[in-house]
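Using the sequences plus the hints, can you model the full thing?
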Amino acid sequence: MGNGSCLLSSLLSSDVSGRLIQLSSDEGVTFGVDGFLPYSFFGGKVWLTTTHITMLIIMMALVVFALIANRVIKRADPEKAPGPFLNVIEYMVESIDNLTKTNMGEKHGGKFANYIGTIFCFILLANVAGLFGLRPPTADYGVTFGLALITFVLIHYNGFKYQKMAHITNLFKPVLLTPINIIGELATPLSMSLRLFGNVLSGTVMMGLIYGLIGKFAIIWPSVLHGYFDVFSGAIQTYVFAMLTMVFISNNFEEE
Amino acid sequence: MTDRGLILACSAIGAGLAMIAGIGPGVGQGIAAGHGASAVGRNPGAKGTIMSTMLLGQAVAETTGLYGFAVAIILLFANPLIGRL
Chain A
284 MGNGSCLLSS LLSSDVSGRL IQLSSDEGVT FGVDGFLPYS FFGGKVWLTT THITMLIIMM
344 ALVVFALIAN RVIKRADPEK APGPFLNVIE YMVESIDNLT KTNMGEKHGG KFANYIGTIF
404 CFILLANVAG LFGLRPPTAD YGVTFGLALI TFVLIHYNGF KYQKMAHITN LFKPVLLTPI
464 NIIGELATPL SMSLRLFGNV LSGTVMMGLI YGLIGKFAII WPSVLHGYFD VFSGAIQTYV
524 FAMLTMVFIS NNFEEE
Chain B
1252 MTDRGLILAC SAIGAGLAMI AGIGPGVGQG IAAGHGASAV GRNPGAKGTI MSTMLLGQAV
1312 AETTGLYGFA VAIILLFANP LIGRL
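Protein chains in written order, with our numbering: chain A, 284 to 539; chain B, 1252 to 1336.
Quick caveat, the hints were computed from the structure, so don't treat them as lab data.
Heads up, a few of these hints could be off.
[Claimed, not checked] Mimicking DSS-like on lysine-lysine, the simulated pairs with C-alpha atoms at most 30 Å apart in a straight line are:
1) Lys394/A with Lys357/A
2) Lys444/A with Lys390/A
3) Lys357/A with Lys390/A
4) Lys384/A with Lys444/A
5) Lys447/A with Lys394/A
6) Lys1298/B with Lys390/A
7) Lys394/A with Lys1298/B
8) Lys394/A with Lys384/A
9) Lys1298/B with Lys384/A
What follows is the structure, encoded as structure tokens:
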């Protein structure tokens, strides 16, 4: 706080310029991005922050889950009824398939089930990381903006693929509205990333304030707030992010 | 009052004012929830679809409030104005 820096973009995410973001006050309220290990990257000093560590933990959990699921699926006996773990995997895959097919159409939906399933699992685990005492990686603007940029690239890749040059000429459709169309296209990743970031950060800030300021009295009842800020809000925002990704991508299919 | 103190005090006031942006999403989400409730009352069979549409609309309506929240957080914890001193 008050380190006098004015790098707006780097202040809300993990710092790449060597200074650490102190989203914390002197009262012991901590909800900022902390750096652990400095290392040099192309001559600049960057930090290994809580975001990276939490993301590595989440990735490890997902990889271990995927490996176990792979073994279970390969060893599954088609003659017998599937066990409980296999049932859960089948339910997950089927619900992701259904979600993409209902939102993007039968024809194109299956192709995007991989991407939607991946970001769904990742963002869901990232949002509920607050339950395990970790700082949610999605409360770091770098992560959410990266996710939104992937969606942005996918939107326009599919736009060019399915509409060819009409994807560009559509921008100038009502000629007077050209600037608004262009701003609208550019605002899509910004609003998507800020929505996820703001929701998760607000939950993190609230929980940090509760544990930091009235930590002595925060015995059991904060679990209710965890249920709202981490689980409910996190699940809703995951759903919304995946849903908006699907809607924006499938907007480009129809007007062929 | 020092210059730094003035900037800090005004930033705190500004952060509070920025959170007035929370009014709009509150009203909007309330309207969406009310219409969702009346839609479920009219057609209880479509509860799942209504629910997901309502949540999606509410999450989009929330965005403007989150812009205000981002401004407030920047003013409180990552103040760009102090660097101007």
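Hint-by-hint comparison with the structure:
Taking the CA atoms of Lys394/A and Lys357/A, the gap is about 22 Å. The hint holds against a cut of 30 Å. At roughly 15 Å between alpha-carbon atoms, Lys444/A and Lys390/A fall within 30 Å of each other, so this suggested pair holds. Our distance criterion of 30 Å between C-alpha atoms is met by Lys357/A and Lys390/A, whose separation comes to about 28 Å. A hinted pair counts as satisfied when its Cα atoms are at most 30 Å apart, and Lys384/A with Lys444/A qualifies at roughly 19 Å.
For the given pair, Lys447/A sits about 19 Å from Lys394/A by alpha-carbon distance, which is consistent with the 30 Å threshold. For the given pair, Lys1298/B sits about 26 Å from Lys390/A by alpha-carbon distance, which is consistent with the 30 Å threshold. Straight-line distance between C-alpha atoms of Lys394/A and Lys1298/B comes to about 28 Å, which keeps the hinted pair within the 30 Å bound. Using a Cα cut-off of 30 Å, the hinted pair Lys394/A and Lys384/A holds, with the two alpha carbons roughly 9 Å apart.
In summary, the hint linking Lys1298/B to Lys384/A is supported, as the alpha carbons are separated by about 20 Å, within the 30 Å threshold.
In the structure shown, no violation is registered for any of the earlier numbered hints.
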